[in-house]
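K.L.:
Residues per chain are reported as follows:
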Amino acid sequence: MRDRVAFVTGAAGGMGYRIAADLARAGARVFAVDVKEPPAPDPEGAERSGHYWQFDITEEDRVAGALGEVFAECGRLDYVVNAAGVCWFDRDGSVADIDRGVWQRVLDINLTAAMLVCRHAIPLIRRTGGGAFVHVASVAGLRTSDGSTDAYQVSKAGLISLSRGIALQYGPAGIRSNTICPGAILTSMIQPLYDADPARAERMASRTPLRRLGTVADVSSACQFLLSDEASFVTGTDLVVDGGWTLALA
Amino acid sequence: MVQQGRPATATEEVDDANETTAPHVPALLTGRVALVTGGTRGIGRGIAEVLCAAGARVVITGRDAVRGQKVAEEISAHGSACLFTAADVRSLAQMESAAALTREQFGSLDVLVHNAGVYPEVLLEQMTEADWDLVHDTNLKSTFFAFRACLPLLKQSQAGRIVLVSSITGPITGYPGLAHYGASKAGMDGFMRTAAIEVAPFGITVNAVAPGSIRTEGLADLGAEAIASMEALIPLHRLGDTHEIGSTVLYLASNLASFVTGQSIVVDGGQTLPEIPG
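Chains A and B are the protein sequences, given in the same order.
In terms of the working numbering, the first sequence opens at residue 1224 and continues consecutively.
In terms of the working numbering, the second sequence opens at residue 76 and continues consecutively.
Just so you know, the hints here were simulated from the structure itself, not pulled from any lab data.
Do not take every clue at face value.
Said to hold, decoys possible - Pairwise CB distance ranges, derived in the manner of DEER restraints:
| no. | chain 1 | residue 1 | chain 2 | residue 2 | range |
| --- | --- | --- | --- | --- | --- |
| 1 | B | 196 | A | 1384 | 26 to 36 Å |
| 2 | B | 351 | A | 1285 | 34 to 44 Å |
| 3 | B | 231 | A | 1434 | 13 to 23 Å |
Note that CB positions come from ideal geometry on N, CA and C, so glycine has one too.
Work out the full structure, taking the sequences as your base and the hints as a guide.
P.N.:
What follows is the structure, encoded as structure tokens:
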């Protein structure tokens, strides 16, 4: 991935941070964005190869501006990773009673922002001569949420559909688009659930055929594969990284 | 007629035109040992070339010993050691012999790639029981045989991996003349999902790769026009290369995919995406 240029959203979160760091370690120039403060520097300093922006990616002009800066500085854009996403376990819920504002905000962050990133990245990737998108979706977008987080589930299903549309429409331009659908992964996003119910992690692991929870490294290595030339004929697919979680009914 | 979704696993009758090139892939399998059934031509050969280039020592099986020896030598010249052993995947005893030879020669077995398969086209109205049985014995029953023969060795591995070469034909699409083939490939996917659960406690993963239209030796016979019409149906506007199936197998066989099991990765350049193909 040497000399390739990557743009990663959600780069302060567990998965996005690891993805950005691993891309940098593989030799890519990585530009990162998150609404949150930049995380503590990677011990190897790997992720410091590009800018880190702190802004809300539902703001289209900020998204367009950042991507424009990347292209102005590097003259190319190869990879885009949409890893930004929220799951508000405390406020998300069933369609029967979810707050309308919560519903809209989750869709804005998880789905519309990804659309905005794609919209402004596609012309730049075309000018580069091709490239690849990876969107971090969820098994909840393929099946249903474990518990009712309907806005989250619908946003992830939408992200999967968005990815397929890009794959079909921009394949002729040499642009690939795939999703990763993680199952139970240990991240800061899900940590509150485990804090509230310490037995939950063990219960989830025991329900997973491979008998462990996933790690951000599992997701990041799937991302590396899908972006890399090893996946050059893979597009429009959804790579489930769940340890077999969705295979078994019991 | 447009060759939509034409399967492209190893065929029985193909030209001898494949020239070995060393694929550029990361060395993700250093020290690992792999067995690739149907590894002497087409997709199977492409997979073996990639795994060898990634550092694995590889045993390939096939039925034509003269061809097999030659291909193994050609692959070895560009990567790690590659050996051929003659074996018919329709025989459990022969699969067990192939597994035993792998252990004798290389000391262990970490990765089974079950790729061998046939796709003789015959419409259902003309299909005989023998037609059906040939395809199901070679493609599906053999999956169980290869699995059974290799499982004892895979359980001893620190990173046991099984990768099945399925297809888009059957699991996702249909193709006239290939009802038996499609059923066998969908059967492989069904086998995979239960096998993945059963061997997960041993740390073994079971996954599949579903190729779309891949450029193999026999394809040139179809003519440039037929190939161009196939390419027009693929969003990436080209056929896949056997090494592109190999590099997806490589991901699944490596440590990178240790949390991925029971999955089929479609490698079709987006061919199955449109609502109405073509």
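K.L.:
Taking 34 to 44 Å as the stated bounds, is the beta-carbon spacing between residue 351 (chain B) and residue 1285 (chain A) within them?
P.N.:
This hint holds: roughly 38 Å between Cβ atoms.
K.L.:
Indicate whether the distance between the beta carbons of residue 231 (chain B) and residue 1434 (chain A) respects the range 13 to 23 Å.
P.N.:
holds, 19 Å
K.L.:
Is the gap between the beta carbons of residue 196 (chain B) and residue 1384 (chain A) within 26 to 36 Å?
P.N.:
holds, 34 Å
Hint check: no violations occur; every hint is consistent with the structure.
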